[in-house]
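Trainee: Protein chains in written order, with the working numbering: chain A, 83 to 686; chain B, 83 to 686.
No lab work stands behind these hints, which were simulated from the structure alone.
Among the hints, a few may not be true.
Copies of the same chain look alike in the list, so a pair counts if it fits in one copy or across any two.
[What the hints assert, rightly or not] Below are the DMTMM-like pairs computed for lysine to aspartate or glutamate, each with C-alpha atoms no more than 20 angstroms apart in a straight line: (1) Lys608 x Glu358; (2) Lys89 x Asp308; (3) Lys89 x Asp606; (4) Lys89 x Asp263; (5) Lys107 x Asp471; (6) Lys608 x Asp295; (7) Lys107 x Glu94; (8) Lys107 x Glu281; (9) Lys107 x Glu254.
All values reported here derive from a predicted model rather than from experimental measurement.
There are 2 protein chains.
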Amino acid sequence: MINRFCKTPLWECNDELVRVAQGEKPADLVIRHVNLVSVTTHEILPDADVAVACGRVAYLGLGGHTAEHCIGPDTRVIDGSGLYATPGLMDSHIHVESAMIGVAEYARAVVPHGTTGIFCDPHEVGNVRGLPGVRAMFEDARRVPLKAMMTPPSCVPAVTDIEDTGASITAEDIADTMTWDNVVALGEMMNYPGILSREQNTIDEVRATLAADRVVTGHFPSPDRDRALNAYVASGVSSCHESGGFDEVLAKLRLGMYVQLRQGSAWLNLPGYLPELVASGVDTRLCLLCTDDCHPNTLVDEGHMDRVLRTAVELGLDPVTAVQMATINCAEYFGLARDMGSVTPGKCADIVLFDDLESFRARTVIIDGDVVAEDGRALFDVPPYEWPDWMTHTMDIGLTPTAETFRVPVPGRADGTARVRAMGITPGDTLTRDIVVEVPVRDGALLADPAHDVLKVAVFDRHHGAEGTHSFGFVTGFGIHGALAQTVSHDAHNLLVMGDNDEDMALAARTLAECGGGEVAVADGKVLALVELPVCGLMSTERVEVVAEKVARAREAWAQMGCTMPSPFMTMGVMSLACVPELRLTNRGYVNCLTYEMEPLLVE
Amino acid sequence: MINRFCKTPLWECNDELVRVAQGEKPADLVIRHVNLVSVTTHEILPDADVAVACGRVAYLGLGGHTAEHCIGPDTRVIDGSGLYATPGLMDSHIHVESAMIGVAEYARAVVPHGTTGIFCDPHEVGNVRGLPGVRAMFEDARRVPLKAMMTPPSCVPAVTDIEDTGASITAEDIADTMTWDNVVALGEMMNYPGILSREQNTIDEVRATLAADRVVTGHFPSPDRDRALNAYVASGVSSCHESGGFDEVLAKLRLGMYVQLRQGSAWLNLPGYLPELVASGVDTRLCLLCTDDCHPNTLVDEGHMDRVLRTAVELGLDPVTAVQMATINCAEYFGLARDMGSVTPGKCADIVLFDDLESFRARTVIIDGDVVAEDGRALFDVPPYEWPDWMTHTMDIGLTPTAETFRVPVPGRADGTARVRAMGITPGDTLTRDIVVEVPVRDGALLADPAHDVLKVAVFDRHHGAEGTHSFGFVTGFGIHGALAQTVSHDAHNLLVMGDNDEDMALAARTLAECGGGEVAVADGKVLALVELPVCGLMSTERVEVVAEKVARAREAWAQMGCTMPSPFMTMGVMSLACVPELRLTNRGYVNCLTYEMEPLLVE
């Protein structure tokens, strides 16, 4: 595939590189005396020199040869003595929205950690604002050196006819995106049932992508690794980041899939299969690394792909193999290896100098020959992005929430109790049990029952204003007093509110409606924590450090309100995610996620 | 890159494959109980089933799962018990012309040996008939199942202004070929001095190829593995088959080049570096295998890529690694790995069933799901190709050679001797020494001197008729009595004649002029052996077995005439090859191949 992510295409500057390599013209940059990690031979080459011109590697001085002949009066020379040079790290599958920041700010956060390329699926923005939103999001990305390669979301909406989203993307739209200069693949094909049943739009999306000479990235969590997995792969889906154990990883590699080994903020999969993968001795050429999602706090406190490499090496993976997974293997999968993924002549000069291959502490990060980060600090900066209004005004619930809004009337009953369907939460699990609980009835309306940890839940369509619907349900397992609300709520990103009293729920909903979306914690009529995410109700306009701090404060608020669950925000955020069993609440009401039928709230 | 070498593009049949994988529709072909060589994981998977539909793999039954559900009443079932299934073998660099047959006949010769794809550089036909000739050659190829992927010749003529060829190919022509559906890369860029000096047409050919998203294959025999090799790679050339030792191989791999390890008929490089490569333990992901040239006798007597694999394994290479080099690595280099190179769902069903991974005796060869060869015999056949007249009438020397034609007058001298420049041949080496010898002068003309092993040589421009020139020289080292002539003579493929008397030389030249070119041996007024190659003077219209027999007879004739040299035909064939030192004779006269200046015949 023609790579648009470079300073100069090779066919425009190859004569210049030829001159520089032979010492006929000085290089722009020379790195000297570095331990070069050769991902093509799986070696560490000591005391290597690297000369760079036109944003590309022009010359490697190996085995005693030096790049002295490439140094002129204006050549920047970096002494790499004691350091390890690797190709720039690539995250093979990432949703930037999980970090609650835009791509430019994301770049500022991850580039200092050695990440020079990300393959991003803007699935969340797609669900809120469709392809125009995706386009706006990646206009922001063009302002920074990070190579933000785009994989348009394939499943918008994720599930049809059971909830209302802000947009939908068709196979025809996908075909159009394949002409965009930043599109390198189709985003994760979560709709594997659609593939297996040959649902037309799903098959057509895959076809449009393959016919455009791009790969289809996957998402296959089904336990059927025989016929279903074979069919899924045969359809043209060629990668997957959803594997729980080594058996799954191996089954996919044997069928020729690239497997994206994942270590995100929420899904920490490496310990689950990496030691076995290492022990097996199988070829890892089709293994990539990815984070899938990185919360702002993970980025600020732990890092990005450097953290993944660190973990992989801690788990026993050979460090050069680990680097291959984050560089050349990834570039090969996406058809970009002619330009990226190795530090060799002609390739883009995306290079990271690390202290060692254990801590993976990045000293210097170079993209297209420019030093873009040093000692953990980005050397580039851009002003806050000027988002168009329609990207920052996406809270359209068509009413001003009051306590009355949260009243759930029970026809023909004034007081007493009622049996209602509820979502039973298991801490640390995304599954929600389909259970029945008894809740109080007062003045003809259903109430939460904090004494028995039963909270009321409401979901408001925030995309269709007065025409939108909202629905009510109950949940058990969070154990809080007060109310929480969020607009990240997957995958329709509607306004999700839960609480033990209608007043606090109303305040929480109102607060988010006013600030354009985000996450809020309320108790006893007071806002305890607020993370404003005005861009599509998903992303902040602030610095990642500020967002991380606010998220940390929200986490404290959860605890303060009585929740002892790990990652309660995430767990709450999938309460509407209708593609995971068993019972979910969308703006249209309860969905049985095994039968995909709507279910009533009241149980006789 | 979009692959045109398949029965059906995946995007047209993926729904069918999904059905077959799930047992909703029967497969066309099922292979059962085979040991599957997994080139993606580097494993041998026992008792595997493979189901095929639409020419592609639809399902792999592994780990106890079977393809029984894919078998219908019309499904062909092959019992693979005890056999080893590999992806179809690919020769990453081959000149079909070396086998002296057209591509369709070549297919009949190599497919039964497990070769399903070849990457061919029609350099020789290009030099005789230019791109129209290349196009005609590959029209023939379309009639057979072998995937003959084309890399247009980059160096036609190989060297300018010192000889006359039948055609020339410019960067503009190359840009045009990049739109042809069978072109996958640029043919070997032999003109590395042109790259290093940034000769415009050379650089432009590389640029046109890269801008068309294709790779530039290389040819870098220079000992300068530092600056020159770096510059060559930085220009965009990404592979090389010209390596003599392991140091060269390693140097190229470290710079990110794909290295085509070669075991041809004439150049047997594997023993020279493979044992060291194995011992080094470096990653072999960028290692490919190739033959470069295969003479008809090698194909008939020893095989093709099976022979290369056999040799590689004998030399200590792990057999699965060897198979990777001939399959997935090759497909990845050319950007075809999404369609070829592994037996996995969605890929073209190019599969070989071997007896074992040592003899590599191919039992069954499958291309695009069709069984195309069994037990060493091709199951396809095509009538002789109907070549256009201009492809079979390329002997245009503008005269009828007689003994008088070979008279080399010496101005101002009637009898005695004269000092002349001569090419000194070292047996088994392509180098020709620039020497001076004394030859007899009779009746004012130079004669050969068989008593001192000095033969007369003549080169006739055979492309420009009466306007063409011819020249004379002398050679020592062959030790024959009689005359030999050939039109394969690299790279201009002019008519090359050598002998110890003018009468036999005339008969040899006349014989080839009459039959349209080829190779002939003459002694004492008799034709001892003749290999007719009427297609461009390079290729026969007969069966490979017939050609091999005629070539063997010619070899006997050489011996009969007194030559003890190994491969004398090859050694003779490079006497005009002006890109190799030291002294060569072209139709324009002697060329000093160190200075690229013409040299006179007579030495004062």
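Trainee: For every hint, state whether the structure bears it out.
Mentor: Results for each hint:
In this assembly of identical chains, the alpha carbons of Lys608 and Glu358 never lie at most 20 angstroms apart, being 50 angstroms within a copy and 74 angstroms across copies at closest. For a Cα distance limit of 20 angstroms, the shortest separation of Lys89 from Asp308 qualifies neither inside one copy, at 45 angstroms, nor across copies, at 26 angstroms. Taking identical chains as interchangeable, the C-alpha atoms of Lys89 and Asp606 are never at most 20 angstroms apart, the minima being 56 angstroms within one chain and 69 angstroms between chains. Proximity of Lys89 and Asp263 under a CA criterion of 20 angstroms is satisfied intra-copy only: 14 angstroms inside one chain copy versus 30 angstroms between copies.
When the C-alpha separation of Lys107 and Asp471 is checked against a cutoff of 20 angstroms, the pair qualifies neither within a copy, at 49 angstroms, nor between copies, at 52 angstroms. Taking CA atoms no more than 20 angstroms apart as the test, Lys608 paired with Asp295 passes in neither setting, with 54 angstroms inside one copy and 60 angstroms between copies. For the homomeric pair Lys107 and Glu94, the shortest alpha-carbon distance inside one copy (16 angstroms) is at most 20 angstroms, but the shortest distance between copies (51 angstroms) is not. In this assembly of identical chains, Lys107 and Glu281 lie within 20 angstroms of each other by CA distance solely across copies; the values are 17 angstroms between and 58 angstroms within a copy.
Proximity of Lys107 to Glu254 under the C-alpha cut-off of 20 angstroms is found in neither arrangement, the shortest distances being 49 angstroms within a copy and 28 angstroms between copies.
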